[in-house]
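Chains as they are written, first to last, in our numbering: chain Y, 1 to 638; chain W, 1 to 218; chain S, 1 to 176.
No wet-lab data here; the hints were simulated from the structure.
It should be emphasised that the depicted structure is a prediction, and the values quoted were computed from it without experimental measurement.
Check each hint, because a few of them may be wrong.
Unchecked claim - Among the chain Y residues that face chain S by a calculated CB cut under 7 Å, a handful are: (1) Cys31; (2) Tyr221; (3) Ala299; (4) Arg316; (5) Gly382; (6) Phe409.
As the list claims (entries may be wrong) - Listed below are the simulated DSS-like cross-link pairs for lysine-lysine, each with C-alpha atoms no more than 27 Å apart in a straight line: (7) S:Lys106 x Y:Lys470; (8) S:Lys94 x Y:Lys470; (9) Y:Lys164 x Y:Lys273; (10) W:Lys174 x S:Lys17; (11) Y:Lys497 x W:Lys133; (12) S:Lys24 x Y:Lys263; (13) Y:Lys273 x S:Lys24; (14) S:Lys24 x Y:Lys267; (15) W:Lys126 x Y:Lys497; (16) Y:Lys470 x W:Lys174; (17) W:Lys133 x Y:Lys470; (18) Y:Lys497 x S:Lys94; (19) S:Lys24 x W:Lys162; (20) Y:Lys547 x W:Lys13; (21) S:Lys94 x Y:Lys534; (22) S:Lys94 x Y:Lys406; (23) S:Lys24 x Y:Lys205; (24) Y:Lys617 x S:Lys106; (25) Y:Lys523 x W:Lys128.
Cβ coordinates follow ideal geometry from the N, Cα and C atoms, glycine included.
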Amino acid sequence: MYEALKKEALKRKRAFEEDPRPIIQIGMATCGIAAGALETRAAFQQVLAERQIPARIRTVGCMGHCYAEPVVIIDHGASGFPPILYPEVNSGKAAMLAKLFLENGDPRLEHILGATKENDMIPSVMEFPRFNREKRLVMEKCGHIDPEDIYDYIAGGGYAAFAKTLERPGDTLIDEIQQSGLRGRGGAGFPTGLKWELARQSQGKEKIVICNADEGDPGAYMDRMLLESNPHQVLEGMLICAHAVGAGRGIVYVRAEYPLAVKTLEKALHQAKEARLLGNGILGTSFDFHIDIFEGSGAFVCGEETALIHSIEGYRGMPRQRPPYPTESGLFGKPTVINNVKTLATVPAILEHGAQWFRGIGTKNSPGTAIFSIVGDVTHPGLVEIPMGVTLRTLIFDICGGIPNKKGFKAVQIGGPSGGCLSEAFLDTPIDFDTLAEAGAMMGSGGMVVMNEDTCMVDVARYFLDFTQKESCGKCTFCRIGTHHLLAALEQLTEGKGESVDVNFLQRLSEDIRAGSLCGLGKTAPNPVLTSLKYFANDYQAHMKEKRCPAMACRPLVAFYIDLEKCARGCDVCEGCCPVDAVFTTPNRKKGIDQSLCVKCGECMTACPPEYKAVMKVSPPHLAPVIERPPQAARKGK
Amino acid sequence: MSENRITIFVDGKALKAREGEPLLKACLAGGIFIPNLCYMEGIDPLPVSCRLCFVAVEGRAQPVPSCSIPVREGLVVHTDTPEVRRLQRQGLRLLLSTHHVECARCPANRHCALQDMTRFLKVGLKPKTVYLKAPPVRSEHPFLDYHVNRCVLCGRCVEICKARQDRPELTFIKRGFDTTLGFFPGGASNPQDLKTYRACVEACPVGALVLKDSNKNP
Amino acid sequence: MDLELSPEERQKLQELKSELQSFKRERGQLIPILQWIQERLSFLPSQALESVAEYLQIAYAEVFGVATFYNQFRFHPPGRNPIRVCLGTACHVKGADIILENFERKLGIREGETTPDREFSIERVACVGCCALAPVTLMGETVHGYMAPSKVEGLITRVAIEKEVRERERKKGAHV
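Given only the sequences and the hints, what does the whole structure look like? Please build it.
Here is the structure:
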């Protein structure tokens, strides 16, 4: 039965490729749409219609190159050029490309990023480190196939691994996964094969597979990207898991905040059912498997598996003490395997190529690849898939282009609210589950925020604590009240009221929250504080003793003033842009800042023309020279 | 739980216990006090949420909540290690930092779990920083008054309602630090429920739930 | 917390009671039901929670307890132009709190509130997953990337102008 599907898929593919009309491929995942891909598509459509250009528009998912969105690839074979990737194609650029390239055959080389195929005319994108240093195993097809077309996935070899595994007994699959050394990509890195084995051996009937796509970490979005760009790969992973452990029911738990992912997934489920890859009697065998979608209502703690289960059951998403583990007693008391999206998406490749092949990628104890969403102060932010064991330096400086605006590197925060802040000293550490845990960070969701020298680590710790504190479920004492105290202390520091806060207090309370909390959220919540205390002690000392923020990021600890030597007479830019009318004109027509009104947004500093650079920022605030506001310069109209 | 009688060793003392029962229960029955709030017999699964009943179990690197440990033959336990006491004191201090100390006016005075534990762990009753919620008392309920700033969110009353009512009326609402008991007018006006609420009040370790005056003497 | 409901909202609330029948009467349906109601009414009025409690035969407190646990659920109607300021990590590092503050100052409301004319509401969201465009603000469903404090006023003014234009068109239409 699978052969018939494959044949149909290849037939469709051939028909598509043999069509001589040019192809415009637009990345339309959430990030592309946010950057304006809908307008881009509309512009193409309009010009194509107006000028009757015979080209086809094909929407695909996301390639992970967020810095370049909206991304468009134009394959115009008749022009003699290879397929070309264009970054940042807004509607204007789209109209221009449609006219000049599609109509006149001029690819406008000044706008390209590179060719997507090797050729003699245009440098290939594969010559850039952002492309060639990656190892795409899970994200391989993302941004290249149409996520709303199951045949596109099948034509590229999709569901072949599952079709093959259907002929094998479940326990041999589990052996294969165990030999591959695959560890859960949800954060903690629990061996996936072992989890499956426990579920398989569990006595309970009616086993369940849950795909955990409750991606709650602020700053990580690879799960969403996978579901939006290649949902069938995740479904194939679920099918293999279900067959291996003997489950008949599956649930994808996806955040309701990801409407496009939900929509894409619904479509994928429908198509899989039509193709008899889901439902009763899958591919003509006796294997039955049904998948439903559950939309999570937004609670970070529901990423924890017992909390996730409670929320599907219709209760408050509060975790419970384990054991019993869900593999023994999970959803509605039935044995339940809960795997992260990335884990499941890795599974088909392992069964396709074998455990030994997988072990050849990555490090000994963490085989395979890791997906990071790298954001913050890097030149080329986005999603990057690399083999485990690559160093942070390679990742941040070679692949992602380093820190923009000639700023220095200060820290990288890995693993979101459960992770930690690492300093320059760790740049040459190879990344895998164990090295990160040793350093006090965590693979977590794979969120990675790069921070330049203008970032205050006390403020970053406060930010994450604020998040976990708000997301604490409130069940256990240490997480509920402990994080509240910890946050209060950090707030005092960033507001310059931290006289009574001392390092020992922060350290002890953090350790106690880690040791005393019930679930992973509480146990890892102090990590950002513990790591920043350890690696950025100077930041804390300055806030405590001098009420100074060395990075000048904590607003209560800084002040802006205008250097009268540099200020140009008669220039009104800063006064015009101030949202609170704190900037005034002195009697000799220069500017001053009324400190009592200033909200320290920094707009005047950004606005001051570069030839003057007259706006200064200091910490602590009392260093700012006082410029009296003349009475006649009282606030306009107020 | 089996009927097998086994022996465990707590602080060097041999205790008889029933195999599989919670370690906390076995210790309390054997006269060894371990601070606790949320543990109550008959709840399944146990909440393990107050995080006070920590003990050191040989073979485990970290202190563990004793209510979550089923006893087995030969278990060796220490209830008085510095790590255990540190966690218990911290936990108790945290609870007290959201507790309005007004013992003289509190019906739980002298039989209050918090008072007992402060004495036992030698922790001051009034911490430096206290966070209280407003309003301090909710009285919408037909039978009960709820003193928000006395409540330690142990959940005993919630469990009692769950066990006795078809549609349990007491539950937690909101989340995180803002979590409280849900208190609503209407609904629970069935006089048969009075018995349930009496049990809730009796089970409350700190006097957060109080019967309205009119219901005190049936 | 009972709000004055508009006739239209009261109408929907009435319809809701019969439409609930399409859901299975089981506890596992509680969250999907709440999501469905919010999609229709844009918030969860207490009357709706009462209907759900009755339908699923659980206490009101239980429904309220679940609804207040999750970030998704709102108990007040949002403005016609809901403003959601992303405070994800990448946005925070790039000054999202200043953006939020600017919206609050310009509109004279705090996050979680709606302006008295129900035109705007401000919410903070944990992450909209557009980190490469940080800082990000959503106005309705439109994502505005690379926000700056100085862009705040422009966004609000644009909405006001659009509204004025619509009003004028409407009046013109009425005259013809």
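Checklist entry - Y:Lys470 and W:Lys174: Cα distance at most 27 Å? => result Between Y:Lys470 and W:Lys174 the Cα gap is close to 11 Å, so the pair holds against 27 Å.
Checklist entry - Are S:Lys94 and Y:Lys470 close enough, with their CA atoms no more than 27 Å apart? => result holds (21 Å)
Item to check | Pairwise hint evaluation, Y:Lys267 against S:Lys24, where the allowed Cα distance is 27 Å at most | outcome: Roughly 23 Å separates the two Cα atoms, so the pair holds.
Checklist entry - Taking 27 Å as the top limit, are the C-alpha atoms of Y:Lys164 and Y:Lys273 close enough? => result Given pair Y:Lys164, Y:Lys273 holds - Cα atoms ~19 Å apart, limit 27 Å.
Checklist entry - Taken at face value, is the distance from the CA of Y:Lys534 to the CA of S:Lys94 at most 27 Å? => result holds (24 Å)
Checklist entry - Is S:Lys106 close enough to Y:Lys470, meaning Cα to Cα at most 27 Å? => result holds (26 Å)
Next on the checklist: Y:Lys523 and W:Lys128 were given as a pair; does the straight-line alpha-carbon distance stay at or below 27 Å?
Outcome noted: holds (25 Å)
Next on the checklist: Need the status of pair Y:Lys617, S:Lys106: alpha-carbon distance at most 27 Å?
Outcome noted: holds (25 Å)
Checklist entry - Taking only the CA atoms, is the gap from Y:Lys273 to S:Lys24 under or equal to 27 Å? => result holds (23 Å)
Next on the checklist: What's the verdict on S:Lys24 and Y:Lys205, does the C-alpha distance respect the 27 Å limit or exceed it?
Outcome noted: The hint holds at about 23 Å.
Checklist entry - Does the alpha-carbon distance linking S:Lys24 and Y:Lys263 stay inside the 27 Å limit? => result holds (23 Å)
Checklist entry - Under the criterion that the straight-line Cα-Cα distance not exceed 27 Å, is the pair Y:Lys497, S:Lys94 satisfied? => result Given pair Y:Lys497, S:Lys94 holds - Cα atoms ~24 Å apart, limit 27 Å.
The structure fails hints 6 and 20 (numbered hints given earlier, in ascending order).
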